[in-house]
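If you read the protein sequences in the order shown, they are chains A and B. Sequential numbering of the first sequence, starting at 1, is according to the working numbering. Sequential numbering of the second sequence, starting at 1, is according to the working numbering.
No lab work stands behind these hints, which were simulated from the structure alone. Please read all numbers here as calculations on a predicted model, not as lab measurements. Hints are supplied without guarantee of correctness; some may be wrong.
Copies of one chain are not kept apart here, so a pair can be met inside one copy or by any two copies together.
As the list claims (entries may be wrong) - Dumping the calculated SDA-like pairs for lysine to any residue here, alpha-carbon to alpha-carbon at most 25 Å:
| id | residue 1 | residue 2 |
| --- | --- | --- |
| 1 | K156 | N136 |
| 2 | K156 | D77 |
| 3 | K156 | E187 |
| 4 | K156 | D169 |
| 5 | K156 | S70 |
There are 2 protein chains.
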Amino acid sequence: MDELGRLPGVGPKSAQRIAFHLLKVAKEDALRLSRVIAEVKERTMLCEVCFNVGVSARCPICSDPRRDSSVLCVVEDPRDIVAVERTREFRGRYHVLGGALNPIEGVGPEQLRVRELLARIDGEGIGEVILCTNPNLEGDATAMYLARLLRPLGVKVTRIASGLPVGGDLEYADELTLGRALEGRREVEA
Amino acid sequence: MDELGRLPGVGPKSAQRIAFHLLKVAKEDALRLSRVIAEVKERTMLCEVCFNVGVSARCPICSDPRRDSSVLCVVEDPRDIVAVERTREFRGRYHVLGGALNPIEGVGPEQLRVRELLARIDGEGIGEVILCTNPNLEGDATAMYLARLLRPLGVKVTRIASGLPVGGDLEYADELTLGRALEGRREVEA
Numbered sequence: 001m002d003e004l005g006r007l008p009g010v011g012p013k014s015a016q017r018i019a020f021h022l023l024k025v026a027k028e029d030a031l032r033l034s035r036v037i038a039e040v041k042e043r044t045m046l047c048e049v050c051f052n053v054g055v056s057a058r059c060p061i062c063s064d065p066r067r068d069s070s071v072l073c074v075v076e077d078p079r080d081i082v083a084v085e086r087t088r089e090f091r092g093r094y095h096v097l098g099g100a101l102n103p104i105e106g107v108g109p110e111q112l113r114v115r116e117l118l119a120r121i122d123g124e125g126i127g128e129v130i131l132c133t134n135p136n137l138e139g140d141a142t143a144m145y146l147a148r149l150l151r152p153l154g155v156k157v158t159r160i161a162s163g164l165p166v167g168g169d170l171e172y173a174d175e176l177t178l179g180r181a182l183e184g185r186r187e188v189e190a
Numbered sequence: 001m002d003e004l005g006r007l008p009g010v011g012p013k014s015a016q017r018i019a020f021h022l023l024k025v026a027k028e029d030a031l032r033l034s035r036v037i038a039e040v041k042e043r044t045m046l047c048e049v050c051f052n053v054g055v056s057a058r059c060p061i062c063s064d065p066r067r068d069s070s071v072l073c074v075v076e077d078p079r080d081i082v083a084v085e086r087t088r089e090f091r092g093r094y095h096v097l098g099g100a101l102n103p104i105e106g107v108g109p110e111q112l113r114v115r116e117l118l119a120r121i122d123g124e125g126i127g128e129v130i131l132c133t134n135p136n137l138e139g140d141a142t143a144m145y146l147a148r149l150l151r152p153l154g155v156k157v158t159r160i161a162s163g164l165p166v167g168g169d170l171e172y173a174d175e176l177t178l179g180r181a182l183e184g185r186r187e188v189e190a
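Please model the entire structure based on the sequences and the hints provided.
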């Protein structure tokens, strides 16, 4: 129960419930869980190019020749790659920073993979960098910091749009979001 | 209770609770509510210019000379004006359509204040129309319809941005919204 309770989103009650469940199930089911946990830790590694998680030195996206190597999407976390891939809107490659700037928690540029990002711009013929960090305080600060570093390198730097969610309603939007949606309005194409 | 139950968001239980509350309160409190309901219906009218609700022929926004008359924000409903005003990002004027296109419910362009909108473009020296209908199916369709009508008149037509809400998280964004946020990315200004 102590070990289970350390997992995110698992409180003492859930830990107890899971523990008793494991006592009750067939031995092979419990051992399968035990085995995959060990396997995940032994077999996974970070991609040497983009720092996505994978099972080989290069992740499936970096080793896919059909991906557009001229556009780079910078995200905080490997989970964010999953989110962007799900949209099927992006055919370029990624770079995982490993977090966002957060001075209070002691996360500065040295703790993120910023140096590795700058090295890729020179080496890979990248024409556009999309700053796809979260649209919150830390993510916005990280995007601004990176934009200032990247622009002198002659690369196009873009930021994902803030605005109203699809299917949303003006009435339920908070002021800040609606303000950004207005500020970020775009001319309607014919 | 029957009358109260017709209000939006008031179910039979709430109607009963309100009814018994009105029986209990002092006579002047109940009569004050009765009076303001009657007053609202007698005194309010629609602005003759933008169709916002107000207490005179011209609403406070249309009669304010400090508002920028060259930018027009087109909304579905007077409530949306309240939402946009709260952002303090917009200093132009409004036009209330009175709904959105909805063929299933029989709402076509004739049911909305489209003709009145077109008349204003000619008459008021408007340079930009911001289509601020809701970012859902009906609102998007209405925006596209209006854009097609307005562009030949030589006016700049813009649409509010769709994207991630401020303070949001990539992980919790739905695919459609994140896809639009990527598609609508903007170059970072220096």
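Query - Structure versus earlier hints, numbers of those that do not hold, lowest first - result: none
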